[in-house]
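Please build the complete structure, drawing on both the sequences and the hints.
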Amino acid sequence: MINVFRSIFYSLIGLTLIGWVSVLLISVMWVGPGPDSALTQYFANSIIVSERLEALGFEFYEISNNTFEMVAHMLTAMLSATILFSIVWSAGSHYLNIDAPGKAKIYFIHWIIFTGIFVAILFIISYFFLRQASPYDAADLMKTSGRSILVLLSLIYFFLMYYLSVLVGTARFARSSVLFANKLPGNL
Amino acid sequence: MKNFIIGIGGTGAKCLEHLLHCCSSGLGPEDLWVGMVDQDEANGNVSRTKILLNKYINLRTSLRDEAKHDLTNNSNLFKTNIRTNNDSVWLPLKGADPTLKEVVHYDLLKPEVKGLMDCLYDPTEKLQNLSEGFRARPNIGAAAMLATTANENDPFWSQIYKAIDAARGGEEVRVFIISSIFGGTGASGFPNIARRIKTIQQEKNVTTNFHLGGALMLPYFNYEVPEENMEGELFAKPEEFLDQTKGALEYYSKLFEHNKIFDQVYITGWDPLSKLSNFKMGGNLQNNPPLFPEIYAALGALKFFSSENKISENQEIFHIGKNDSDEILWSDIPNVSNSLNSKENIAKLIRFAFSYNWMYGPALVGSWSKIKKYSNENWFKRLIYKYTYNSETKNCEVGHEHNQEVILAMKEYCEDILIWITDMHYSTILNTDQKMNLVVSEFFSEFKAKNVSNRVTIKEKLNYSEKNQFKDFVSDGKNLKLLNIMSNICYKKIYRDQKGLGVFMDILFRSCEQ
Amino acid sequence: MKKFIANSFIILILISFTNLQSKEFCSPDELSVNITETSSAKNSNGEKGNVFVYFDQSLSMKGYVNDQPGLKNVYVNVIDDLQQIAENVGSSTYYHAFGKDIIPIKGSKIAKVIKPSFYECKGAASECNNQESKIELPFKIAKANPDGTYIIVTDLFLSDKQLVGGTLKQLTKPLKSILKKGKSIGIIGVMSSFNGTVYDIPIKDGGSMNYTDAKMRPYYIIVIGDQKHINRIKSNLEEQHFTDPEDEYKFALITSSPILQNLNKNQIISEKNIPKIDKAEGFKFKYVDDVLPIYQFNTGKKFNKKFRIKKDDLIVKGSSGVSEYTLKESLWSSPEVKCKKIDWRKSKFDSISTVTSNEDGLTLNLFKNISDRKKLKLFLGMRYFYFVDVYAEKPGTASEKDFAEWSVRSSDAEGFTQSNPVKFKTLNLTKIIKILNAVSNDTFEKTLVATFVMDFNLLK
Numbered sequence: 003m004i005n006v007f008r009s010i011f012y013s014l015i016g017l018t019l020i021g022w023v024s025v026l027l028i029s030v031m032w033v034g035p036g037p038d039s040a041l042t043q044y045f046a047n048s049i050i051v052s053e054r055l056e057a058l059g060f061e062f063y064e065i066s067n068n069t070f071e072m073v074a075h076m077l078t079a080m081l082s083a084t085i086l087f088s089i090v091w092s093a094g095s096h097y098l099n100i101d102a103p104g105k106a107k108i109y110f111i112h113w114i115i116f117t118g119i120f121v122a123i124l125f126i127i128s129y130f131f132l133r134q135a136s137p138y139d140a141a142d143l144m145k146t147s148g149r150s151i152l153v154l155l156s157l158i159y160f161f162l163m164y165y166l167s168v169l170v171g172t173a174r175f176a177r178s179s180v181l182f183a184n185k186l187p188g189n190l
Numbered sequence: 011m012k013n014f015i016i017g018i019g020g021t022g023a024k025c026l027e028h029l030l031h032c033c034s035s036g037l038g039p040e041d042l043w044v045g046m047v048d049q050d051e052a053n054g055n056v057s058r059t060k061i062l063l064n065k066y067i068n069l070r071t072s073l074r075d076e077a078k079h080d081l082t083n084n085s086n087l088f089k090t091n092i093r094t095n096n097d098s099v100w101l102p103l104k105g106a107d108p109t110l111k112e113v114v115h116y117d118l119l120k121p122e123v124k125g126l127m128d129c130l131y132d133p134t135e136k137l138q139n140l141s142e143g144f145r146a147r148p149n150i151g152a153a154a155m156l157a158t159t160a161n162e163n164d165p166f167w168s169q170i171y172k173a174i175d176a177a178r179g180g181e182e183v184r185v186f187i188i189s190s191i192f193g194g195t196g197a198s199g200f201p202n203i204a205r206r207i208k209t210i211q212q213e214k215n216v217t218t219n220f221h222l223g224g225a226l227m228l229p230y231f232n233y234e235v236p237e238e239n240m241e242g243e244l245f246a247k248p249e250e251f252l253d254q255t256k257g258a259l260e261y262y263s264k265l266f267e268h269n270k271i272f273d274q275v276y277i278t279g280w281d282p283l284s285k286l287s288n289f290k291m292g293g294n295l296q297n298n299p300p301l302f303p304e305i306y307a308a309l310g311a312l313k314f315f316s317s318e319n320k321i322s323e324n325q326e327i328f329h330i331g332k333n334d335s336d337e338i339l340w341s342d343i344p345n346v347s348n349s350l351n352s353k354e355n356i357a358k359l360i361r362f363a364f365s366y367n368w369m370y371g372p373a374l375v376g377s378w379s380k381i382k383k384y385s386n387e388n389w390f391k392r393l394i395y396k397y398t399y400n401s402e403t404k405n406c407e408v409g410h411e412h413n414q415e416v417i418l419a420m421k422e423y424c425e426d427i428l429i430w431i432t433d434m435h436y437s438t439i440l441n442t443d444q445k446m447n448l449v450v451s452e453f454f455s456e457f458k459a460k461n462v463s464n465r466v467t468i469k470e471k472l473n474y475s476e477k478n479q480f481k482d483f484v485s486d487g488k489n490l491k492l493l494n495i496m497s498n499i500c501y502k503k504i505y506r507d508q509k510g511l512g513v514f515m516d517i518l519f520r521s522c523e524q
Numbered sequence: 386m387k388k389f390i391a392n393s394f395i396i397l398i399l400i401s402f403t404n405l406q407s408k409e410f411c412s413p414d415e416l417s418v419n420i421t422e423t424s425s426a427k428n429s430n431g432e433k434g435n436v437f438v439y440f441d442q443s444l445s446m447k448g449y450v451n452d453q454p455g456l457k458n459v460y461v462n463v464i465d466d467l468q469q470i471a472e473n474v475g476s477s478t479y480y481h482a483f484g485k486d487i488i489p490i491k492g493s494k495i496a497k498v499i500k501p502s503f504y505e506c507k508g509a510a511s512e513c514n515n516q517e518s519k520i521e522l523p524f525k526i527a528k529a530n531p532d533g534t535y536i537i538v539t540d541l542f543l544s545d546k547q548l549v550g551g552t553l554k555q556l557t558k559p560l561k562s563i564l565k566k567g568k569s570i571g572i573i574g575v576m577s578s579f580n581g582t583v584y585d586i587p588i589k590d591g592g593s594m595n596y597t598d599a600k601m602r603p604y605y606i607i608v609i610g611d612q613k614h615i616n617r618i619k620s621n622l623e624e625q626h627f628t629d630p631e632d633e634y635k636f637a638l639i640t641s642s643p644i645l646q647n648l649n650k651n652q653i654i655s656e657k658n659i660p661k662i663d664k665a666e667g668f669k670f671k672y673v674d675d676v677l678p679i680y681q682f683n684t685g686k687k688f689n690k691k692f693r694i695k696k697d698d699l700i701v702k703g704s705s706g707v708s709e710y711t712l713k714e715s716l717w718s719s720p721e722v723k724c725k726k727i728d729w730r731k732s733k734f735d736s737i738s739t740v741t742s743n744e745d746g747l748t749l750n751l752f753k754n755i756s757d758r759k760k761l762k763l764f765l766g767m768r769y770f771y772f773v774d775v776y777a778e779k780p781g782t783a784s785e786k787d788f789a790e791w792s793v794r795s796s797d798a799e800g801f802t803q804s805n806p807v808k809f810k811t812l813n814l815t816k817i818i819k820i821l822n823a824v825s826n827d828t829f830e831k832t833l834v835a836t837f838v839m840d841f842n843l844l845k
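Residue numbers (the working numbering), protein chains in the order written: chain R, 3 to 190; chain P, 11 to 524; chain W, 386 to 845.
By construction, these hints were calculated from the structure, which means they are not laboratory data. Misleading hints may appear alongside valid ones.
Within a straight-line C-alpha distance of at most 27 angstroms, the following computed DSSO-like cross-link-like pairs (lysine-lysine) qualify [unchecked claim]:
hint: 1; chain 1: P; residue 1: Lys-396; chain 2: R; residue 2: Lys-105
hint: 2; chain 1: P; residue 1: Lys-320; chain 2: P; residue 2: Lys-172
hint: 3; chain 1: W; residue 1: Lys-687; chain 2: R; residue 2: Lys-145
One-sided and incomplete, this derived list gives chain W residues near chain R with beta-carbon spacing under 10 angstroms [to be verified]:
hint: 4; residue: Lys-669
hint: 5; residue: Lys-686
hint: 6; residue: Ser-718
hint: 7; residue: Asp-728
hint: 8; residue: Trp-729
hint: 9; residue: Lys-733
hint: 10; residue: Phe-734
hint: 11; residue: Ile-755
hint: 12; residue: Arg-758
hint: 13; residue: Leu-763
hint: 14; residue: Met-767
hint: 15; residue: Tyr-769
hint: 16; residue: Leu-843
hint: 17; residue: Leu-844
Being a predicted model, the structure only gives us computed values, none of them experimental. Heads up, the beta-carbon is just placed ideally off N, CA and C, and yes, glycines get one too.
Shown next, in the form of structure tokens:
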């Protein structure tokens with residue numbers, strides 16, 4: 003059991019390596035970045051249909067609160083999913099039936115499937131928040147390319163976070179099931 | 011503390027076999043000298059024990075080599091430093107085909123002494139070829155042993171003399187002898203060798219620091235003697251065992267009453283008697299299976315050697331038996347001391363043997379090109395690769411001959427452990443109503459009671475479902491799975507200073523317990 | 386006590402529920418509403434003025450009073466009833482003959498108009514009034530005294546030289562003045578029997594020829610005055626004289642104000658003008674300050690509604706109508722939907738809806754220009770305030786096509802005549818109609834016909 007807790011601990015460390023960025027982003031979005039902030043500028047330039055907003059007489063920063071609130075919710079959901087999946091894998095890897103030499107690499111398939119499900123869930127979360135029929139009105143402000151950018155960036159980011167987490171959090175004997183995890187030092 | 015153990019006769023040799031396995035699991039003392047006494051040089055049991063002893067010593071030497079593979083003092087695996095003479099067996103009567111008549115120089119005896127001899131021994135007994143033991147004639151054995159001198163230059167007796175000298179020098183010395191109370195060599199050797207040792211002690215004026223203990227096996231097995239070709243032959247008759255035992259017990263009762271020869275005596279027996287399928291008069295075909303009661307003698311010896319065992323001034327006699335039911339359980343195995351749990355250590359050893367023999371050993375056998383497919387696995391990386399890597403050649407040398415020897419030797423030793431426990435399991439309860447619930451062995455072994463050698467054959471490889479039965483393999487309720495072992499070997503802390511294959515062996519051993 | 390608390394609680398809930406349901410009206414500060422009365426409404430006073438009747442005394446008109454055996458003489462019938470028709474629209478009626486000059490006719494002598502002798506002249510040609518038809522003369526009288534109603538009976542057979550240069554100006558200038566003063570010109574063309582000579586048919590060489598074999602020929606009753614009176618006269622004629630299926634007549638109303646009324650003034654606009662809008666969530670319709678209709682509702686992005694106005698509600702019957710409408714639109718939006726926090730911003734859209742017109746009336750395709758495949762290109766969660774003024778931009782054209790079948794061009798007149806037609810045509814009739822349309826275009830003023838507001842929340 004102590005090894006499971008150790009794995010969870012390492013997993014959390016792996017999550018934290020780049021996870022702090024999402025926490026920071028979420029916090030900033032909750033509070034609301036200012037009109038001159040780089041985030042607002044970026045959203046206005048790349049994510050939002052600013053031209054249509056301007057046609058209505060608005061600048062994005064004037065009505066950005068709802069957008070950032072929505073994105074903050076989305077990031078929170080994705081972060082939660084990432085933490086959950088990372089910990090489930092890290093803890094669960096101790097219960098994979100790797101009881102003999104050479105068996106660990108068979109579970110690579112299991113990891114791929116698990117990771118695939120995770121990525122699919124991330125995608126579903128982002129789709130839920132950002133689609134046209136989203137429960138959030140702010141999603142309507144986004145252009146198609148903006149949606150794609152957000153989806154792609156968040157998928158890449160959270161996948162990386164998850165990967166780093168399972169890289170260090172996977173049970174030692176199960177490391178061959180995770181891509182490149184077997185390159186880690188034996189006593190890590 | 012210096013420890014010496016002498017196994018007398020076939021039973022003594024068999025008890026030593028159990029003792030060796032217990033020592034490899036860490037139940038033994040730091041240091042132990044082992045010797046056997048048997049006139050039947052080719053005795054199957056003695057040979058088996060001799061071979062096992064050599065394997066133990068060689069393997070231990072390989073794995074406690076500070077230069078190459080070192081388990082270090084922290085490891086309990088092969089903890090006991092067992093020593094023995096070049097020939098671990100002492101034959102009381104040397105020479106080809108000695109007879110009693112020759113031993114006592116009958117022809118040179120005075121007539122009155124001759125008459126006494128005639129009175130005590132019938133012609134058959136006087137002319138019995140003693141090269142295959144004393145054939146359950148302790149009277150012959152006693153006379154034969156008394157006729158030989160306890161020569162200080164004799165390799166066997168020199169150890170006893172050294173032991174007593176060491177006691178005189180202030181070091182604590184404990185000597186333990188094991189034999190059966192019935193039969194031939196054991197029955198005759200036990201009191202006489204004990205007395206001989208005591209005599210030497212008295213001659214050397216050693217009054218402190220020297221302790222003598224012994225384990226006496228009351229009848230615990232019998233066998234059917236075939237009627238054909240036995241006429242005129244001297245052999246141990248099982249129906250006489252109880253009478254012999256009765257007589258012997260009366261003798262020892264008087265002996266212990268008047269003479270404090272032993273500090274501690276451990277006595278055990280068994281009921282119902284285990285029924286052996288084979289009867290052989292002697293020689294290499296007398297290869298009786300290991301039986302459960304013998305563990306009591308072995309554990310008694312280890313308890314005697316334990317530093318927690320405070321030997322009192324008075325002579326102590328211990329006896330032990332199992333629980334009243336017909337089922338033999340792990341709880342029937344006593345602990346060696348408060349800090350040495352026999353059940354746990356033996357169970358650990360058995361699991362270690364299983365894991366090594368079928369799971370990890372095969373992965374390590376062969377050349378590097380065959381082994382390297384495991385090189386990315388954590389257990390291999392942290393336990394094998396790192397400690398068999400040659401920084402000069404920049405290669406992992408696990409596939410090299412000097413490492414392969416150790417790997418194969420351990421595989422062989424593990425096989426022996428599995429055969430030992432399986433044989434004991436089957437043989438103890440064969441043809442009785444008893445049940446033994448120590449291990450489950452049907453899935454990996456085959457038992458043929460009639461075979462003299464190779465009663466038990468274990469499978470070369472196990473399939474998936476057979477490997478899955480590992481968790482039920484040892485019936486101690488621990489529910490330890492191979493998965494747990496894999497997890498443990500990846501996480502157990504490696505002791506400092508451990509080297510080479512000692513790292514892996516020790517980690518695997520320690521991983522075989524929860 | 387408990388009962389009182391419970392009841393109070395229930396009432397509070399109901400009130401708050403009601404409040405939730407109702408959307409407060411809060412318009413943008415920049416909103417300005419200008420609803421004025423249309424000129425036709427302005428100008429119509431319902432009083433009966435004098436009626437002045439002018440009969441074309443030219444010789445070409447004589448053939449109308451001679452019966453053609455087997456054919457209906459509508460001319461004579463109409464002239465007979467004209468006195469009574471005129472008295473329906475006017476208090477006093479004055480009759481005249483016109484040709485070279487205008488000669489008054491006593492009322493008791495009206496009967497002479499239907500006799501051939503009215504169109505004959507025994508004196509010298511230079512002295513006779515039947516040698517030409519100076520139709521501009523009654524027009525000038527009408528210009529000078531626009532309050533009356535003028536009825537001109539003529540064959541409208543004008544030569545090219547009467548329709549160019551200074552002569553044309555003599556026609557158009559008084560007509561412009563008349564139209565500018567809010568009066569209208571009605572042209573009722575009537576096909577009647579004809580037994581006589583059609584004079585001054587132009588030939589290619591430059592001269593003219595006559596034709597005697599025509600059995601039918603159209604004549605025209607031009608009525609200048611209020612639309613109401615024109616329509617009255619037309620109705621009377623229709624009821625009394627154009628009842629048979631074979632009766633042929635045509636009508637055109639030339640007016641500078643074809644708009645019947647401003648729809649806001651009389652609260653004509655209702656929820657029925659936008660079909661199925663009442664099915665929208667949270668729908669409410671009301672008038673603010675009695676003139677500004679407001680549609681309040683919630684909608685999703687799929688919005689494909691049309692605002693329709695029936696022609697009869699908008700266009701003067703029989704008039705040339707309106708050929709082009711324009712919209713003056715504004716759209717405000719606010720991210721906050723509650724009035725307390727509302728923050729209206731005016732959009733920069735150039736064009737929001739489109740407007741089309743057809744025989745049935747006027748249709749606004751709401752938000753068509755800011756929709757993409759029938760989905761609004763607006764943002765969800767916001768409140769929108771759409772204000773639109775509908776203007777009549779250009780008048781319609783009187784039915785040149787309708788009259789085309791009775792028209793013959795100067796260049797074709799000779800050939801037409803040589804084909805020995807039974808039904809003769811009117812020279813340059815299409816040209817005359819065109820000129821009249823051009824005059825009405827010049828005098829047409831852009832008119833606000835309707836104004837309304839849509840105040841809606843865009844929800845999912």
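Going down the list of hints, with the structure as the test:
1. With a C-alpha separation of about 21 angstroms, the suggested pair P/Lys-396 and R/Lys-105 falls inside the 27 angstroms cut-off, and the hint holds.
2. With a C-alpha separation of about 23 angstroms, the suggested pairing of P/Lys-320 with P/Lys-172 holds against the 27 angstroms cut-off.
3. Taking the CA atoms of W/Lys-687 and R/Lys-145, the gap is about 18 angstroms. The hint holds against a cut of 27 angstroms.
4. Interface hint status for W/Lys-669: violated, as the beta-carbon distance to the closest one in chain R is roughly 22 angstroms, over 10 angstroms.
5. Checking W/Lys-686 against chain R: minimum C-beta separation of about 8 angstroms stays under 10 angstroms; hint holds.
6. At about 5 angstroms, the closest approach between the beta carbon of W/Ser-718 and any beta carbon in chain R falls short of 10 angstroms, and the interface hint on this residue holds.
7. A hinted interface residue such as W/Asp-728 counts as satisfied when its beta carbon comes closer than 10 angstroms to some beta carbon of chain R; here the least separation is about 8 angstroms, so the hint holds.
8. With 10 angstroms as the threshold, the beta carbon of W/Trp-729 comes within range of chain R, its nearest partner Cβ sitting at about 9 angstroms, so the hint holds.
9. Taking 10 angstroms as the C-beta cut-off, the interface hint given for W/Lys-733 holds, the closest approach to chain R being about 5 angstroms.
10. Using the Cβ-Cβ criterion of 10 angstroms, the hint placing W/Phe-734 at the interface with chain R is satisfied: the shortest such distance is roughly 6 angstroms.
11. At its closest, the beta carbon of W/Ile-755 sits 8 angstroms from a beta carbon of chain R; the interface hint therefore holds under the 10 angstroms criterion.
12. For W/Arg-758, the interface hint is violated, the least distance from its beta-carbon to any beta-carbon of chain R being 13 angstroms, above 10 angstroms.
13. Look at W/Leu-763: its Cβ gets to within about 7 angstroms of chain R, closer than 10 angstroms, so that hint holds up.
14. A hinted interface residue such as W/Met-767 counts as satisfied when its beta carbon comes closer than 10 angstroms to some beta carbon of chain R; here the least separation is about 8 angstroms, so the hint holds.
15. Interface restraint check for W/Tyr-769: the shortest CB-CB distance to chain R comes to about 9 angstroms, inside 10 angstroms, so the restraint holds.
16. Taken as an interface hint, W/Leu-843 checks out: its beta carbon lies about 8 angstroms from the nearest beta carbon of chain R, inside 10 angstroms.
17. A distance limit of 10 angstroms between C-beta atoms decides the matter here; for W/Leu-844 the minimum to chain R is near 8 angstroms, and the interface restraint holds.
Checked against the numbered hints above, the structure violates hints 4, 12; every other hint is satisfied.
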